[in-house]
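Undergrad: Using the sequences provided together with the hints, build the complete structure.
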Amino acid sequence: MDGYYAFMLVATALVLMMTVPALALFYGGMSRSKSVLNMMMMSYVAAAIVGILYVAVGWSMGFGGDGTFFANPFDLFWLDGVDTSGYIGVFFQLTFAVITVALISGAVADRMKFAAWVVFVPLWALLCYFPMAHMVFSCTDDSLICGRIGAQDYAGGTAVHINAGVAGLVLAVLIGKRLGFGKEPMRPHNLTLTMLGAGLLWFGWYGFNVGSIVFTGATDEENVAQFFSETGRTFGNTTLATMAAILGWLVVEKVLHKKATSLGAASGIVAGLVAITPAAGAVDLSGAVAIGLIAGAVCAWAVGLKYKLGYDDSLDVVGVHLVGGVIGTVLIGLFSTSEGAGGVDGLFYGGGLGSLGDQALGALVAIVFSGVVTTVIALAIKFTIGLRLDEDGEVAGIDVAAHGESAYDIHTGGGGAGSSGILAPKTAPLSQSEGARA
Amino acid sequence: MKLVTAVIKPHKWEDVREALETFGVTGMTVSEVSGYGRQKGHTEVYRGAEYDIALVPKIRIEIVVDDGEANDVVDIVVKTAQTGRIGDGKVWISPVETVVRVRTGDRDSAAL
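As you go down the protein sequences, you meet chains A and B in turn.
Position in the first sequence (first residue = 1) + 158 = our numbering.
Position in the second sequence (first residue = 1) + 221 = our numbering.
If you are wondering where the hints come from, they were derived from the structure by calculation, not from laboratory data.
Quick caveat, the model's predicted, so the values are computed rather than measured.
Cβ atoms here follow ideal geometry from the backbone N, Cα and C, with glycine treated the same way.
Worth double-checking, as some hints may not be accurate.
[What the hints assert, rightly or not] Partial chain B-side listing against chain A, Cβ under 10 angstroms, derived: (1) Ala270; (2) Asp273; (3) Ile274.
[Said to hold, decoys possible] Chain A stretches covered by chain B per the calculated footprint, using a threshold of three residues with CB under 8 angstroms from any CB of chain B: (4) 322-333; (5) 408-419.
TA: And the structure:
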């Protein structure tokens, strides 16, 4: 299995790349120019904090033993008792924890106090993600979603996407709308970054989905055979579902809003990848195309819900990750084939309603768990250090307010100053002299 | 002397400049501006959210000329900048009291 080990080294690096920089670019391009650095920093700092916490207790809570919600955090504390030959398995899972937490940041763009994010990140990883990873990925006998309910989730439709999507919804509601939401235009400031980020996410997702293979064979030979057949299936499904979701999103957009947009294509990529994540091993190519089309089409519609329901999920963590995650997780109940990794036939493959029920219950448990835990954490922060940046800082832009930086040394107000920058405020000498005084 | 101010479509700028130079206009001030007239901007859609983009990018040209040349300059701008579609812009003439060349202190016609 040398090939598998070499592949996992690459897969792990690919999944880390999904957060740093792919997700940061995807989100950063969609934010306004005055908050792009903060948007990207939320991903970068989440990676740093969650990664170290994962080595401390995350692996132990997730994969250190049995339990309904989580395993003993201290059995394998700081990987004590894990041989270095097993590290790559740990670090692969670590990258999943990192991106799940980072995904949430899109819901609170422009307005979450940076200190509040730095406190939220480890608390949420500890109390929400590590347990969910145990319930879904460890698949021990007692683990709630995999072991007890028996829901299939190949790479994280529940633990990653539903989990992050619900957390995004809770945070968006508790932190409130951006100033001017629904009145001022809040256009994405650089869609080329978003297109690039979406493409890099797609690339990285091969590590995410294909790397999530769990061997079931009794012998090395059986495992090698499984490696060949299953990686082909997951790679193929990941590819086709994403392509179908681009088309699904664009068609719905064209019908509803008369234009097929680049942001729609980029969003379709992510919606398709999200939906095929739980189903990558369970379905065949036709199932993957169906799931991708449905996810692209439904998410394209779902991102409009926030305006009707009145919450400011700024970059559509709910509309893409929660909705896409639920679609992928539940549709396994329809499109799952017993030839796939789970060995279960869904409704359309002659398997009856059993799988559909398991999948729906698994999704529901994930929604409730994440909803309750995130609410407790967010309220605790709200009533201690506060969640939200002050109004002046939000108006000026969180990049300057929180980090003392601006992303671009150009002024795009469209006034008569042109692009020469001659009329731009001269901030540099001032800040230097301030620095010298300090 | 007169100040001729023209607000035109950006892609017409090179044509207008060339025509004015051929006519004999020796200098002008040009700026990138934004605004709107009857055409009222356009609509953009991002994930289903429609935004009215009120301001349209334009080029503003300012030329100071002798009284007798003002109408010719206006005609040249109108002829070269015209596409016949909405949003072609405006040209107007205003009186100028005095002009001084900074380098030499020359005044009025000598300063043009």
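Undergrad: Taking the earlier hints as the rules, which of them does this structure contradict?
TA: Checked against the structure, the only hint that fails is number 4, while the rest are satisfied.
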